[in-house]
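Those protein sequences? They're chains A and B, same order as listed. For the first sequence, our numbering gives the first residue as 1, with consecutive numbering after it. For the second sequence, our numbering gives the first residue as 1, with consecutive numbering after it.
Just so you know, these hints were derived from the structure itself, not from any lab. Mixed in with the good hints there might be a few duds.
Unchecked claim - Cross-link-like lysine-lysine pairs, in silico, BS3-like; alpha carbons within 27 Å at most:
hint: 1; chain 1: B; residue 1: LYS46; chain 2: B; residue 2: LYS2
hint: 2; chain 1: A; residue 1: LYS112; chain 2: A; residue 2: LYS95
hint: 3; chain 1: B; residue 1: LYS99; chain 2: A; residue 2: LYS5
hint: 4; chain 1: A; residue 1: LYS250; chain 2: A; residue 2: LYS131
hint: 5; chain 1: A; residue 1: LYS69; chain 2: A; residue 2: LYS83
hint: 6; chain 1: A; residue 1: LYS243; chain 2: A; residue 2: LYS198
hint: 7; chain 1: A; residue 1: LYS112; chain 2: A; residue 2: LYS243
hint: 8; chain 1: A; residue 1: LYS136; chain 2: A; residue 2: LYS37
hint: 9; chain 1: A; residue 1: LYS37; chain 2: A; residue 2: LYS64
hint: 10; chain 1: A; residue 1: LYS5; chain 2: A; residue 2: LYS112
hint: 11; chain 1: A; residue 1: LYS227; chain 2: A; residue 2: LYS250
hint: 12; chain 1: B; residue 1: LYS2; chain 2: A; residue 2: LYS12
hint: 13; chain 1: B; residue 1: LYS2; chain 2: A; residue 2: LYS5
hint: 14; chain 1: A; residue 1: LYS12; chain 2: B; residue 2: LYS5
hint: 15; chain 1: A; residue 1: LYS203; chain 2: B; residue 2: LYS46
hint: 16; chain 1: B; residue 1: LYS5; chain 2: A; residue 2: LYS5
hint: 17; chain 1: A; residue 1: LYS95; chain 2: A; residue 2: LYS83
hint: 18; chain 1: A; residue 1: LYS228; chain 2: A; residue 2: LYS243
Spelled out from the first residue to the last, the chains are:
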Amino acid sequence: MRIVKNIWDQFKEYLVLVFLLLISIIFISHSDNPSVKNLKTTAFGSFAFVSSLFSDVLHTTGLKSENEKLRKQNAELMLEINKLREFGIENVELKNLLSVKDTISYQLIPAKIISKAFSADQTTFTLNKGKSEGIKAGMAVITGEGLVGIIERSSDDFSLIRTLKHINFRVVVKDQRSRFQGILHWTGSQLIISNLPKTSEIKLGDRIVTSELSSLIGQPFPIGIVKKIINPDEGYFNNVLIKPFVEIEKVENVFIVAAIPHKIKNSIELNFYNSGN
Amino acid sequence: MKIDKILPVIYFIPLILIQVLIVPYIELNGIVPDLILILLVFYTLKYGQLYGMILGFVLGALTDFSTGSILGSSMFTKTLSAFVAGYFYNENLVGTITKSPLFLAIVFLASMVNAIAFSLIVNFDISLNIFSLIFDQGILPSVYTTIIASIIMIFTPRRSYI
Chain A
1 MRIVKNIWDQ
11 FKEYLVLVFL
21 LLISIIFISH
31 SDNPSVKNLK
41 TTAFGSFAFV
51 SSLFSDVLHT
61 TGLKSENEKL
71 RKQNAELMLE
81 INKLREFGIE
91 NVELKNLLSV
101 KDTISYQLIP
111 AKIISKAFSA
121 DQTTFTLNKG
131 KSEGIKAGMA
141 VITGEGLVGI
151 IERSSDDFSL
161 IRTLKHINFR
171 VVVKDQRSRF
181 QGILHWTGSQ
191 LIISNLPKTS
201 EIKLGDRIVT
211 SELSSLIGQP
221 FPIGIVKKII
231 NPDEGYFNNV
241 LIKPFVEIEK
251 VENVFIVAAI
261 PHKIKNSIEL
271 NFYNSGN
Chain B
1 MKIDKILPVI
11 YFIPLILIQV
21 LIVPYIELNG
31 IVPDLILILL
41 VFYTLKYGQL
51 YGMILGFVLG
61 ALTDFSTGSI
71 LGSSMFTKTL
81 SAFVAGYFYN
91 ENLVGTITKS
101 PLFLAIVFLA
111 SMVNAIAFSL
121 IVNFDISLNI
131 FSLIFDQGIL
141 PSVYTTIIAS
151 IIMIFTPRRS
161 YI
């Protein structure tokens with residue numbers, strides 16, 4: 001007994017450290033457990049409610065300058081829409097000729113970011129819309145510039161976005177010019193498409209958009225442009241660095257794409273959208 | 001005395017609100033100061049290593065729940081940071097160390113441990129660039145946290161310290 005007491009007196013800091021770190025590791029390894037997820041959703045919903053009360057006060061301060069910016073953007077978009085409308089009519093005519101039908105429809109749900117949690121590896125935002133508005137895990141979150149992230153989980157009134165700058169964010173993307181496809185992910189400091197064959201004809205400045213192959217995001221949302229092509233001497237693959245269109249850190253208002261994928265396609269792919277998360 | 005020991009858990013609520021609502025306005029290229037860590041180091045130097053580790057574990061758990069990060073990640077890193085900061089605890093210097101520049105050095109060191117451990121836990125990759133890990137994810141956030149800690153030190157009346 002005395003030996004145990006001696007050991008405790010001498011090494012208690014180390015023993016407590018090891019004990020606490022072990023508990024933390026157990027939590028990390030069980031973070032995907034459904035009961036842990038439920039606990040996190042409940043805790044996150046309660047905290048988001050408190051944050052939302054304060055965020056309303058904070059957001060009103062920047063409204064004037066934001067309004068001015070939006071009016072300018074509105075005018076620019078009006079011009080852009082005119083041009084796209086022409087393309088749209090042409091596109092419908094061509095699709096009719098080829099008998100190709102649209103398989104996906106979607107609606108946009110406006111939402112406001114009420115809090116932001118930054119870290120090098122996992123930047124997450126909280127939105128003021130949740131399950132009661134029809135928000136589900138896996139839905140895409142966008143701004144006028146492009147993709148911001150996807151909904152990770154929702155409580156009744158709030159949702160958590162897994163942004164592009166999150167190491168667990170993965171999405172199939174394509175080069176809009178060359179049509180080469182790859183998987184985009186965040187490394188902790190860079191947004192890259194890794195393991196692209198050296199034969200792929202990707203060039204600096206190419207626009208990268210989400211691919212229709214993605215079972216989560218079936219629409220070509222803009223992601224960014226090719227900033228650098230890392231071409232190692234050895235191996236068969238390149239890594240491509242992407243500069244995102246959206247300044248993730250500055251985003252305040254977003255749209256959630258309530259995608260309604262084609263029923264047959266969705267059932268074949270067992271889409272995340274239907275998992276009820 | 002006992003009430004004083006649970007005060008940091010109460011202080012956590014306004015601090016985490018500032019962290020997620022106001023701190024994003026002062027982010028620099030995605031790098032933000034960690035206010036919870038400053039609180040943790042302060043109380044670890046006041047009550048010692050053992051207390052600091054338990055406090056780090058509790059504050060880490062609350063941070064994980066409120067920010068939506070991987071449950072256990074902040075618990076791990078905050079416990080480890082408090083363990084490191086706790087080495088500078090000295091019963092005879094309680095009350096003076098948190099007023100001295102040494103406090104900032106301890107905040108910097110604990111913040112480095114916190115940031116690097118966090119990156120290793122949530123993003124362990126064998127091809128991880130050591131320079132990027134230490135500089136981008138370790139030193140830069142730590143410098144920012146230390147700057148904010150020094151501002152808090154400057155603008156906090158001396159008598160309100162321990």
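> Tell me, which hint numbers fail for this structure?
Replying inline: 2, 3, 9, 10 and 15
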